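Asker: Here is what each chain is made of, one letter per residue.
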Amino acid sequence: MKYKGRVHKFGKDVNTDEIIPARYLNTSDPKELAKHCMEDADARFASKVKKGDIIVAGKNFGCGSSREHAPMSIKAAGVSCVIAESFARIFFRNSINIGLPIVESKRAARAICAGDQVQVDTVKGVITNFTTKKTFKAEPFPPFMQSLIKAGGLMNYIKKRKRR
Amino acid sequence: MGYTITEKILAEHSSRRYVRAGEFIEANVDLALGNDITAPLAIKEFERSGKKKVFDRNKVVLIPDHFAPNKDLKSANQCKVLQNFAQKQRLKNYFEIGQMGVEHALLPEKGLVGPGKLVIGADSHTCTYGALGAFSTGVGSTDLAAAMVTGKCWFRVPQSIKFIYHGKRGRWVGGKDLILHTIGDIGVDGALYKAMELTGAAIRNLPMDDRLSMCNMAIEAGGKSGIIEPDAITRAYVRKNGASKIKYYKSDKDAVYPEIREYDISKLQPQVACPHLPSNVKDVGKLSKVRIDQSVIGSCTNGRISDLRIAAGVLRKKKIKSSVRLIVIPATQKIYLQAVEEGLDEIFIKAGGVFETPSCGPCLGGHMGILAEGEVAIATTNRNFVGRMGHPKSFVYLSNPAVAAASAIKGRIAHPDEV
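These protein sequence lines are chains A and B, in that order. Okay, so the first sequence: first residue is 824 according to my numbering, each after it adds one. Okay, so the second sequence: first residue is 12 according to my numbering, each after it adds one.
FYI, nobody ran anything at the bench for these hints, they're computed from the structure. On a predicted model such as this, the values are computed, not experimentally measured, just so you know. Accuracy of the hints is not assured; some may be wrong.
[Unchecked claim] Label pairs and their computed distance ranges (CB to CB):
| id | chain 1 | residue 1 | chain 2 | residue 2 | range |
| --- | --- | --- | --- | --- | --- |
| 1 | A | Asp852 | B | Ala243 | 26 to 36 angstroms |
| 2 | B | Arg246 | A | Ala937 | 47 to 57 angstroms |
| 3 | A | Thr958 | B | Lys99 | 48 to 58 angstroms |
| 4 | B | Arg327 | A | Met968 | 35 to 45 angstroms |
| 5 | A | Lys929 | B | Glu37 | 25 to 35 angstroms |
| 6 | A | Lys929 | B | Ser299 | 38 to 48 angstroms |
[What the hints assert, rightly or not] From chain B, some residues computed to sit far from chain A (all C-beta separations above 10 angstroms):
| id | residue |
| --- | --- |
| 7 | Asp134 |
| 8 | Val199 |
| 9 | Asp242 |
| 10 | Ile276 |
[Claimed, not checked] Here are the simulated DSSO-like cross-link-like pairs (lysine-lysine), alpha carbons at most 30 angstroms apart as the crow flies:
| id | chain 1 | residue 1 | chain 2 | residue 2 |
| --- | --- | --- | --- | --- |
| 11 | B | Lys332 | A | Lys982 |
| 12 | B | Lys62 | A | Lys854 |
| 13 | B | Lys99 | A | Lys929 |
| 14 | A | Lys854 | B | Lys99 |
| 15 | A | Lys982 | B | Lys345 |
| 16 | B | Lys82 | A | Lys983 |
| 17 | A | Lys982 | B | Lys55 |
| 18 | B | Lys173 | A | Lys873 |
| 19 | B | Lys63 | A | Lys854 |
| 20 | A | Lys983 | B | Lys62 |
| 21 | B | Lys55 | A | Lys898 |
| 22 | B | Lys63 | A | Lys985 |
| 23 | A | Lys858 | B | Lys99 |
| 24 | B | Lys163 | A | Lys983 |
| 25 | B | Lys64 | A | Lys973 |
| 26 | B | Lys55 | A | Lys985 |
| 27 | B | Lys85 | B | Lys99 |
| 28 | A | Lys898 | B | Lys256 |
| 29 | A | Lys973 | B | Lys62 |
| 30 | B | Lys293 | A | Lys835 |
| 31 | A | Lys985 | B | Lys103 |
| 32 | B | Lys293 | A | Lys898 |
| 33 | B | Lys173 | A | Lys835 |
| 34 | A | Lys858 | B | Lys55 |
| 35 | B | Lys55 | A | Lys973 |
| 36 | B | Lys163 | A | Lys985 |
| 37 | A | Lys871 | B | Lys404 |
| 38 | A | Lys858 | A | Lys874 |
| 39 | B | Lys103 | B | Lys85 |
| 40 | A | Lys874 | B | Lys85 |
Even for Gly, the Cβ is constructed at its ideal location relative to N, Cα and C.
Given only the sequences and the hints, what does the whole structure look like? Please build it.
Answerer: Dropping the structure here:
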């Protein structure tokens, strides 16, 4: 899959309380959650973000709570893909499980700037920055995770396996 | 090459003789936990799967504890989803107000978790139960849904970092200080994807409540789990709380650790994590100029009876500063009752504090103690991220219960020796 969009840049250790503050967790409606996506990291993010945009962040993106509402709000806000130096482990699982495309690349995460036009090819593992004409290699996912992604998330994966 | 306690528990639960760090496995779960924030999503996914019954009605635990007692209409509806599902599925372990407690204090207390078990919970602090020698880790709602369908969960077997604590703790130093010191040393992603195995003479002498506090915060270093090899203290705790079908594992002497860190804690001062990361740790003495508006004593980290006893010991026959709001929250009904029987509630109330019903409450900025813009709190909770306890421009300092109590008296961050 290829995802193309404009970059929103964040720093390191962006936590799930910043991605979707707990004051909005009395609902699990994706549309409601999208309205408050990234609110405590950038209060204007939800009004700025456009469909297809890409989040680029530093190390340990999504640290903190297990709330699946975090990747859900990002997905529902229209973000097509998240690139980070590294991901916190529950956020990582949740993203794979719900089908939010994420890629790890230290070099890309450091070099790409806010506003750049970027394309992520998750099959080839290549990140292209059209603004600076640079390309980066993404860390490939282990085969087990690729099968989860290919199935369209965890619930589809277990359903498909049961049928077999 | 030997195996770690974590590898052994994961091998046993995936019906394999051995597993090694890095392998992907699918393991049977002994318990799957959800709360009023994470379970509604899991229940929705479960129902979409078409499966009629959960894999084992004794092994799915639902606890409305985050926004319960229901803080508003939307939360009430979320909690109702749990109640309906628990009734429909005839779940043995659904805990309504009155039996409820903060999940990670309640499960050990009820004997639902114990040595050698594999526990997953759609709550990041599920890592708490490692204190009992279990492999236990936080997952998301979809993981919980899948576990409710299949009784299984996928894992990458983690590498383990060994943390060895030497020396004797000072009077005001508890498990909370040891883990804050550790997170301060390795950072909020210092144990990313890894199991934190806690050991050494200081751990062997550490009471269970303090061990639970330590493993609880493994996630704040990015850890997949925290774990302590069972010993005499574990066995005594298990006897008292009646966990069944338990199994005691130990790491082999030649088990593989990519990293070993050692700490001498004999001179360690009470530790405080400053805004806005749990790794931003300083000695309490360096923060005596920080004025506070609120002190919170409670949560899955430090809301147990020994925490309340320590806080009451500091507050006995004292008044808190009139400008400070002191909020004490026992983590479970049993702890609440015990505190009442011991007269701890009277000490808190006479000091000028409030003694609230069990709930996660203000820890995650839910209710029962939200901070206004510019306000500062000291709390025995586990996170101090931006906006964690309320306004995005409020500030949370994390400490042990003695420091939180002393700070309430002084109106600023204070060492317990000062009061």
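Asker: All the hints need checking, so say for each whether the structure fits it.
Answerer: Against the structure, the hints:
1. In this structure, Asp852 (chain A) and Ala243 (chain B) break the distance hint of 26 to 36 angstroms, their C-beta atoms being roughly 50 angstroms apart.
2. Here the CB-CB span from Arg246 (chain B) to Ala937 (chain A) is close to 56 angstroms, well matched to the stated 47 to 57 angstroms.
3. Thr958 (chain A) and Lys99 (chain B) have their C-beta atoms about 53 angstroms apart, which keeps the hinted 48 to 58 angstroms range intact.
4. Look at Arg327 (chain B) against Met968 (chain A): about 54 angstroms separates their beta carbons, and that is not inside 35 to 45 angstroms.
5. A hinted range of 25 to 35 angstroms for the beta carbons of Lys929 (chain A) and Glu37 (chain B) is consistent with their spacing of about 30 angstroms.
6. Between Lys929 (chain A) and Ser299 (chain B) the CB atoms are about 40 angstroms apart, so this pair conforms to the stated range of 38 to 48 angstroms.
7. With a minimum CB-CB distance of about 5 angstroms to chain A, Asp134 (chain B) fails to clear the 10 angstroms threshold, and the non-interface call is violated.
8. With a least beta-carbon separation of about 5 angstroms from chain A, Val199 (chain B) fails to lie farther than 10 angstroms from that chain, contradicting its non-interface assignment.
9. The non-interface label for Asp242 (chain B) is consistent with chain A: the shortest C-beta to C-beta separation is roughly 28 angstroms, beyond 10 angstroms.
10. Taking the minimum C-beta to C-beta distance to chain A, about 26 angstroms, the non-interface status of Ile276 (chain B) holds against the 10 angstroms cut.
11. Note on Lys332 (chain B) and Lys982 (chain A): the hinted pairing is violated, with a Cα-Cα distance of about 59 angstroms set against a maximum of 30 angstroms.
12. Annotation: proposed proximity of Lys62 (chain B) to Lys854 (chain A) holds, straight-line Cα distance about 27 angstroms (limit 30 angstroms).
13. The suggested pairing of Lys99 (chain B) with Lys929 (chain A) is violated, with an alpha-carbon distance near 48 angstroms, which exceeds 30 angstroms.
14. Taking the CA atoms of Lys854 (chain A) and Lys99 (chain B), the gap is about 28 angstroms. The hint holds against a cut of 30 angstroms.
15. As the CA atoms of Lys982 (chain A) and Lys345 (chain B) are separated by approximately 41 angstroms, the hinted pair breaks the 30 angstroms bound.
16. The hinted pair formed by Lys82 (chain B) and Lys983 (chain A) fails the criterion: a straight-line CA distance of about 40 angstroms is larger than 30 angstroms.
17. This hinted pair checks out: Lys982 (chain A) and Lys55 (chain B) have alpha carbons roughly 15 angstroms apart, not beyond 30 angstroms.
18. Restraint check for Lys173 (chain B) and Lys873 (chain A): not satisfied, since their Cα atoms lie roughly 45 angstroms apart, outside the 30 angstroms limit.
19. With a C-alpha separation of about 28 angstroms, the suggested pair Lys63 (chain B) and Lys854 (chain A) falls inside the 30 angstroms cut-off, and the hint holds.
20. At most 30 angstroms may separate the alpha-carbon atoms for a hinted pair to count; Lys983 (chain A) and Lys62 (chain B) meet this at roughly 14 angstroms.
21. Proposed proximity of Lys55 (chain B) and Lys898 (chain A) is supported: the alpha carbons are some 18 angstroms apart, at most 30 angstroms.
22. At most 30 angstroms may separate the alpha-carbon atoms for a hinted pair to count; Lys63 (chain B) and Lys985 (chain A) meet this at roughly 15 angstroms.
23. A hinted pair counts as satisfied when its Cα atoms are at most 30 angstroms apart, and Lys858 (chain A) with Lys99 (chain B) does not qualify at roughly 33 angstroms.
24. A C-alpha spacing of about 16 angstroms is found between Lys163 (chain B) and Lys983 (chain A), which places the hinted pair at or below 30 angstroms, so the restraint holds.
25. For the hint linking Lys64 (chain B) to Lys973 (chain A), the alpha-carbon distance of about 27 angstroms falls within 30 angstroms, and the restraint holds.
26. For a cut-off of 30 angstroms, the pair hint linking Lys55 (chain B) to Lys985 (chain A) stands: about 19 angstroms separates their Cα positions.
27. A C-alpha spacing of about 21 angstroms is found between Lys85 (chain B) and Lys99 (chain B), which places the hinted pair at or below 30 angstroms, so the restraint holds.
28. Taken as a hint, the Lys898 (chain A) and Lys256 (chain B) pair is broken in the structure, with Cα atoms around 42 angstroms apart against an allowance of 30 angstroms.
29. Using a Cα cut-off of 30 angstroms, the hinted pair Lys973 (chain A) and Lys62 (chain B) holds, with the two alpha carbons roughly 23 angstroms apart.
30. Taking the CA atoms of Lys293 (chain B) and Lys835 (chain A), the gap is near 21 angstroms; set against the 30 angstroms cutoff, the hint holds.
31. The straight-line distance between the Cα atoms of Lys985 (chain A) and Lys103 (chain B) is roughly 27 angstroms, inside the 30 angstroms bound, and the hint therefore holds.
32. Using a Cα cut-off of 30 angstroms, the hinted pair Lys293 (chain B) and Lys898 (chain A) is violated, with the two alpha carbons roughly 37 angstroms apart.
33. A threshold of 30 angstroms between alpha carbons decides the hint, and for Lys173 (chain B) with Lys835 (chain A) the separation of about 26 angstroms falls inside it, so the pair holds.
34. For the proposed pair Lys858 (chain A) and Lys55 (chain B), the alpha carbon gap of about 21 angstroms is at most 30 angstroms, so the pair holds.
35. The hinted pair formed by Lys55 (chain B) and Lys973 (chain A) meets the criterion: a straight-line CA distance of about 22 angstroms does not exceed 30 angstroms.
36. Straight-line distance between C-alpha atoms of Lys163 (chain B) and Lys985 (chain A) comes to about 13 angstroms, which keeps the hinted pair within the 30 angstroms bound.
37. Taken as a hint, the Lys871 (chain A) and Lys404 (chain B) pair is honoured in the structure, with Cα atoms around 22 angstroms apart against an allowance of 30 angstroms.
38. Between Lys858 (chain A) and Lys874 (chain A) the CA atoms are separated by roughly 13 angstroms; this keeps the pair inside 30 angstroms, and the hint holds.
39. Proximity of Lys103 (chain B) to Lys85 (chain B) is assessed by CA-CA distance (about 26 angstroms); at most 30 angstroms being required, the pair is judged to hold.
40. Annotation: proposed proximity of Lys874 (chain A) to Lys85 (chain B) holds, straight-line Cα distance about 28 angstroms (limit 30 angstroms).
The structure shown violates the earlier hints numbered 1, 4, 7, 8, 11, 13, 15, 16, 18, 23, 28, 32.
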